[in-house]
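A.B. asks: Top to bottom, those sequences are chains F, C and U. With this note's numbering, the residue at position 247 of the first sequence is 247, and numbering never jumps. With this note's numbering, the residue at position 83 of the second sequence is 83, and numbering never jumps. With this note's numbering, the residue at position 100 of the third sequence is 100, and numbering never jumps.
Hints are supplied without guarantee of correctness; some may be wrong.
In silico DSS-like cross-links for lysine-lysine, where the CA-CA straight-line distance does not exceed 25 Å [stated by the list, open to error]: (1) U:K57 <-> F:K35; (2) U:K115 <-> U:K36; (3) F:K35 <-> U:K36.
Coverage of chain U stretches by chain F, computed from C-beta distances (three or more under 8 Å per stretch; other residues unrestricted) [claimed, not checked]: (4) 12 to 24; (5) 109 to 116.
Honestly, the hints are just simulated from the structure, not real lab data. The structure displayed is predicted, hence computed values, not measured ones. Glycine included, each C-beta is placed from N, C-alpha and C at the ideal position.
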Amino acid sequence: MELAFPVIGWRVITPMLLVTGTGFACLLLDLLPPKERKGHVAAVGLLGLALAGLATGLLWGQRETAFREMVALDEFALFFNLLFCVATGLVLLLSHGYIRRQGIEQGEYYILVLFAALGMMLMAAGTDLLIIFLGLELMSLSLYVLAGFFRTRPASNESAMKYFLLGAFATGFFLYGIALIYGATGTTSLPRLAEALARAELGRDPLLFAGLGLLLVGFGFKISSVPFHMWAPDVYEGAPTAITALIATGSKAAAFAALLRVLLGPMRGLQPDWLVLVWILAALTMTLGNVVAIAQSNLKRMLAYSSIAHVGYMLIGVVVGTQLGAAAVLYYLAAYTFMTAGAFGVILLLERRGAEAVQLGDYAGLAARHPLLALLLALFLLSLIGFPPTAGFVGKFYLFSAAIEAGYVGLAILAVLNAVIASYYYLRLIVYMYMREPEGEPVVAALTPAAGLGLAVAVWGTLHLGLAPGPLIGLAQGAVGPFLP
Amino acid sequence: MVPVGYYTTLSAVLFTIGVVGVLVRRNPLVIFMSIELMLNAANLAFVAFGREAGQLDGQVIVFFVMTVAAAEVAVGLAIIVAIFRARQRINVDDLNLMRW
Amino acid sequence: MQYVPILMVFAFAAAVAGLMLLVPRLLGPRRPSPVKLEAFECGKPPLALPEGRFAVKFSVTAIMFIIFDIELMFVFPWVVVYGEFVRAGLGPFAFFAMLFYLAVLMLGLLYDWRKGGLEWE
Chain F
1 MELAFPVIGW RVITPMLLVT GTGFACLLLD LLPPKERKGH VAAVGLLGLA
51 LAGLATGLLW GQRETAFREM VALDEFALFF NLLFCVATGL VLLLSHGYIR
101 RQGIEQGEYY ILVLFAALGM MLMAAGTDLL IIFLGLELMS LSLYVLAGFF
151 RTRPASNESA MKYFLLGAFA TGFFLYGIAL IYGATGTTSL PRLAEALARA
201 ELGRDPLLFA GLGLLLVGFG FKISSVPFHM WAPDVYEGAP TAITALIATG
251 SKAAAFAALL RVLLGPMRGL QPDWLVLVWI LAALTMTLGN VVAIAQSNLK
301 RMLAYSSIAH VGYMLIGVVV GTQLGAAAVL YYLAAYTFMT AGAFGVILLL
351 ERRGAEAVQL GDYAGLAARH PLLALLLALF LLSLIGFPPT AGFVGKFYLF
401 SAAIEAGYVG LAILAVLNAV IASYYYLRLI VYMYMREPEG EPVVAALTPA
451 AGLGLAVAVW GTLHLGLAPG PLIGLAQGAV GPFLP
Chain C
1 MVPVGYYTTL SAVLFTIGVV GVLVRRNPLV IFMSIELMLN AANLAFVAFG
51 REAGQLDGQV IVFFVMTVAA AEVAVGLAII VAIFRARQRI NVDDLNLMRW
Chain U
1 MQYVPILMVF AFAAAVAGLM LLVPRLLGPR RPSPVKLEAF ECGKPPLALP
51 EGRFAVKFSV TAIMFIIFDI ELMFVFPWVV VYGEFVRAGL GPFAFFAMLF
101 YLAVLMLGLL YDWRKGGLEW E
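Please put together the full structure from these sequences, using the hints given.
C.D. replies: Spelled out as structure tokens, the structure:
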């Protein structure tokens, strides 16, 4: 055996190293007093995320792989790194006041959020199914614990349990899928997988198809597409609201990153085989999500079904599979991150009788009591509908026009119909806020400077991406360059 | 030498037993054990395929899967213990606070 | 057509699992009566689990054991190839790589200890 000093591509994993280092620093910092206040841990975490974002910006435009092509530094990974830094940063900003008010402020909370971010980054940068699996697990395990962070509340416990059992179940499928793909091709590395699949006789191996199918089941669970969505509403409802925002934005974006890299990378040659499957998933997901969302009176559940519906829209981009389609998914994920984090950010500030205000009735006449928060929530909801000039409008327009351009007119029409259905339940909430009289006990808002900053960032993103979408569209198109030139 | 097909068949059987176990059992601990069975079925498949291809990769992957499984056990047990502390009884049918 | 073999494998596996559930249902006589459904304890309804209840506090120790136990698995292959690394002149690299790995583990142990995870009472 010939042993040589291994080449360690530190540069490739700089953003991840920074987040890891921050996580460890926060672990140690958490051991030191003061015991009751942990704001400084969150501050260090934010600083680390900012540094990771900065490093991402500095590395932009470079392409490199490291660790025997297991991790890639390319625009795709960097785009998602930036997205995860923003999403996690927003969640940290929104969390601070919230978890203190709820009496669960502990250092672990921030540390787990950081490690979840690390897992997401690994998923987006991994070019080996094993690395994607490890990233997925790191993210999921952190989120399972975070979902149950209200340790004394039955709903939170239940949400953690459901998330854990169904998530671990999905992990089993995902892993067995990797095993079968490994069996069919003898490798788990995406570049070598692409080479192996290029050889025609392997392209029709039943093991490979079974593996790809199981992999899709695993991904389906993580992005909560119908019929693998049943965990989402319960988990969204029971988890701390800030974590709900992270599950809806970051974890979904990470799963989409890995899905795009696998399906449009090595599995591109098999597109005729998986196309119909994803087409059906997309159609089912958006329709069911929107229809069931109408029946919800709990805001967190409603946003859960709405997020399922948005997954359906984004799957259209995967079906289309062109550079335009994939770039539209990336753009949509960025827009969705800002508007959803913003919407949950407003919800988590509002309380009634010491409990979170999550029922539709709690929002009656909100505009009279808290005009600013009502205005912000209305803005985020309009963006979720896809109203110009918000980020949601540009995202939908871009996505649907990619579908029409590639000839998927049926899917595009279905998506537009769905967007019309969806506007009903979003507008209903706006009507409640602006046209109903407030009833019952007053709803109080606990706006802290950190949360205010978080909301400001979300508003900025929602409006900026809507008014000046050009630069981000350019970035998104560059980001899918590595596998869709 | 035992042909590799035997191993993969055994692994498929184990995997399916795991899936069926998750779907029919009601106790979270047993469901959880079924999930572990699924992961171990994957491990067996990795080792068998690695052997067939004459690579060590399959066995190395198993190391990582086992680590992940252990981490999953830790988190899962912690969640189950937290629920147990709150309710003194665990059964997935009791987890019905939230309904669609 | 190419899916047939893999479908057969899964169908076979599902059949095995299904049979395991079905056969006892079909073959075993089921004539339950209130007395039969009782747990056996000399004719008296049981008051508690016979082995007593495990205190939940031990579970933390058990969880920590699982984690650190499995992490040690990575040391074994290192031991096997360490000699070769030394012979190739890469001894220090292999040594410090493992030291770093253990240091990260120790960080976890330190955290556990300071957070009171090692205390039973």
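A.B. asks: Now tell me, hint by hint, if it's right for this structure.
C.D. replies: Do the hints match the structure? See the list:
A C-alpha spacing of about 22 Å is found between K57 of chain U and K35 of chain F, which places the hinted pair at or below 25 Å, so the restraint holds. Distance hint between K115 of chain U and K36 of chain U is unfulfilled; the C-alpha atoms sit about 48 Å from each other, more than 25 Å. Pair hint K35 of chain F plus K36 of chain U does not hold up; C-alpha atoms about 55 Å apart against a cutoff of 25 Å. Closer than 8 Å: that is the beta-carbon criterion, and the region 12 to 24 of chain U has 0 residues meeting it against chain F, so the requirement of 3 is violated.
Check result for the region 109 to 116 of chain U against chain F: holds, 4 residues qualifying (beta carbon to beta carbon below 8 Å, three or more required).
Violated hints for the displayed structure, listed by number in ascending order: 2, 3 and 4.
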